[in-house]
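Quick mapping for you: the protein sequence lines, in order, are chains F and B.
Letter by letter, the first sequence follows residues 214 to 497 of my numbering.
Letter by letter, the second sequence follows residues -7 to 262 of my numbering.
In case anyone wonders, no lab produced these hints; they're calculated from the structure.
Just so you know, these numbers come straight off a predicted model, no measurement behind them.
Simulated crosslink set (PhoX-like; lysine-lysine; CA at most 25 Å straight-line):
| id | chain 1 | residue 1 | chain 2 | residue 2 |
| --- | --- | --- | --- | --- |
| 1 | B | Lys192 | B | Lys130 |
| 2 | B | Lys81 | F | Lys406 |
| 3 | B | Lys123 | F | Lys262 |
| 4 | B | Lys130 | B | Lys188 |
| 5 | B | Lys192 | B | Lys123 |
| 6 | F | Lys262 | B | Lys130 |
| 7 | B | Lys149 | F | Lys266 |
| 8 | F | Lys231 | B | Lys123 |
| 9 | F | Lys231 | B | Lys81 |
| 10 | F | Lys262 | B | Lys149 |
| 11 | B | Lys130 | B | Lys149 |
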Amino acid sequence: MSALLQPVTSLPAEPLIKIRPSRPWSIINLREIWAHRELFVFLVWRDLKVRYKQTLLGALWVILQPLLMTVVLVVFLGMIARVPSPGPPYSLFLYSALLPWTFFSNAVAASSFSLIGSAGMITKVYFPRALVPVAAVAVRLSDFLIAFGIMAGLLAYFRVPPAWSALLVPFLVAHLTILAIAVGLLLSAVNVKYRDVGTIIPVLIQLWMFASPIVYPAGMVPARWRVAYELNPLVGIIENFRSCLIGLPMNLRSLLISLVITGLLLCCAAFVFHHMEDEFADVV
Amino acid sequence: MRPIVQVRNLGKRYYLTRARNTSPTLREALVGAARAFSFQRLSTRTDSDHFWALREVTFDVRPGEVIGIIGPNGAGKSTLLKLLARITKPTEGEADIYGRVGSILEVGTGFHPDLSGRENIYLNAAILGMKRHEIRRKLDEIIAFSEIDQFLEMPVKFYSSGMYVRLAFAVAVHLEPDVLILDEVLSVGDAAFQVKCQEKMSQVRRQGHTIFLVSHNMQAIRESCNRVFIISDGRLTQRSDVQNAIDEYLQGLTSARKPITGARTRSAKG
Chain F
214 MSALLQPVTS LPAEPLIKIR PSRPWSIINL REIWAHRELF VFLVWRDLKV
264 RYKQTLLGAL WVILQPLLMT VVLVVFLGMI ARVPSPGPPY SLFLYSALLP
314 WTFFSNAVAA SSFSLIGSAG MITKVYFPRA LVPVAAVAVR LSDFLIAFGI
364 MAGLLAYFRV PPAWSALLVP FLVAHLTILA IAVGLLLSAV NVKYRDVGTI
414 IPVLIQLWMF ASPIVYPAGM VPARWRVAYE LNPLVGIIEN FRSCLIGLPM
464 NLRSLLISLV ITGLLLCCAA FVFHHMEDEF ADVV
Chain B
-7 MRPIVQVRNL GKRYYLTRAR NTSPTLREAL VGAARAFSFQ RLSTRTDSDH
43 FWALREVTFD VRPGEVIGII GPNGAGKSTL LKLLARITKP TEGEADIYGR
93 VGSILEVGTG FHPDLSGREN IYLNAAILGM KRHEIRRKLD EIIAFSEIDQ
143 FLEMPVKFYS SGMYVRLAFA VAVHLEPDVL ILDEVLSVGD AAFQVKCQEK
193 MSQVRRQGHT IFLVSHNMQA IRESCNRVFI ISDGRLTQRS DVQNAIDEYL
243 QGLTSARKPI TGARTRSAKG
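Chain F on its own, in the form it takes in the complex (with noise of 0.2 Å):
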């Protein structure tokens, strides 16, 4: 037996690993996140692959799902009800917002069942546990870039001059993500405990996009309740997210208000997931 005590490599002078009681007041730690960047790679990899293999379409559906909703809600609600558009076609209008919410719903709906989905990884395997609803909302932002495209088609097809401002369209994408990355966050860390919230979800998400200036442009908001309004901060996001690609006066107001909700989420979302993430393997 003496035979087995042979040392292989010097021990290093301080402990790879610590294990201690959680503590009340730690924060996230990015390193050991960063640590583990190809597993995340790997998470997104897989969602693709499995996705495109067992669907008949693959990113059709993609450029179908969003375009789909258009043309429904054109019919309905520019043809029907004859929601105004300030400017240019209905149907440019509505892609243009319906394009980041389809990405925003999509990604927020995903990551919050996300944890749940892979209670066999958790239980099992330990890993920085925000790498599972990060990455499944990068899944839905490769989608998005996807169907971006079809976006400069409408916009060739409507012969919509490109405005300076599109310039401005990756740094509301990256904000975007953000605020899906701080909703998935917190949805899917309380959704592990408190399983209501699942059943609650479909129902906010669908809230939301009245909530937002999607349907219908957000100067149709009384101006009294357009600083309130603004609050929300997918609005911020979508309306300039619009404005940018179909040439429209930007409104750096909500946008700011947007930039600010979203930070104070994401810092919120952290904490609250960071303190509950110890958590996950015992009540998932």
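Position chain B against the provided structure of chain F, taking the given hints into account.
Frame of chain F, contents of chain B only:
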């Protein structure tokens, strides 16, 4: 020789209301929070609604040791492994590990039925903690070990259970961290494949890796371990005389068959 794993007074307490799959509903949590608030107490939990799955566990393990962990079902073996693997956090105490830890508590964690065998090798290895360059380097070895190379491009949902297990094992035994945590996993599969796994394990051991092995297979414990930890009612006893420890443990099991729930209620009172 300095220990590679140092554990001091490690303990894990579970609340009975939070047992698996019975997490409190939002309503219960809100009612509980309101009650705690109105009585101006932080917690309304009493001593009787929790139990210690593990308590006052202290040990040192030196590099290259192979520790067999034995004990009846529900005694706390898996809890110890989950604490060392960082899957769950301890309630009290601490543990320091001077090396990389790899844990295999289940065969094929994260396997996706729609992905091919080859794709699942990558995915599973990444989940177990291997880096991409490591996976690439060991890929041929893993495939050769699994002996299913002609089905490698087929989705694993079409695999027989034997093929599935082979592929999963092949990945698992090629994970070579400084400290390896194994839960019973190497005791499935057909006899020939089991022999192959045992050989691979002893090769890993010769390279100086430290191993924790939970098993009900006393033969495997006797052959591979230089020390045994017996866990009973959440308490750990260390034994260096492997053979005697196993004999006594088996005798104890046959002479006094206690129901598992009995062990829990007793430790809950204590």
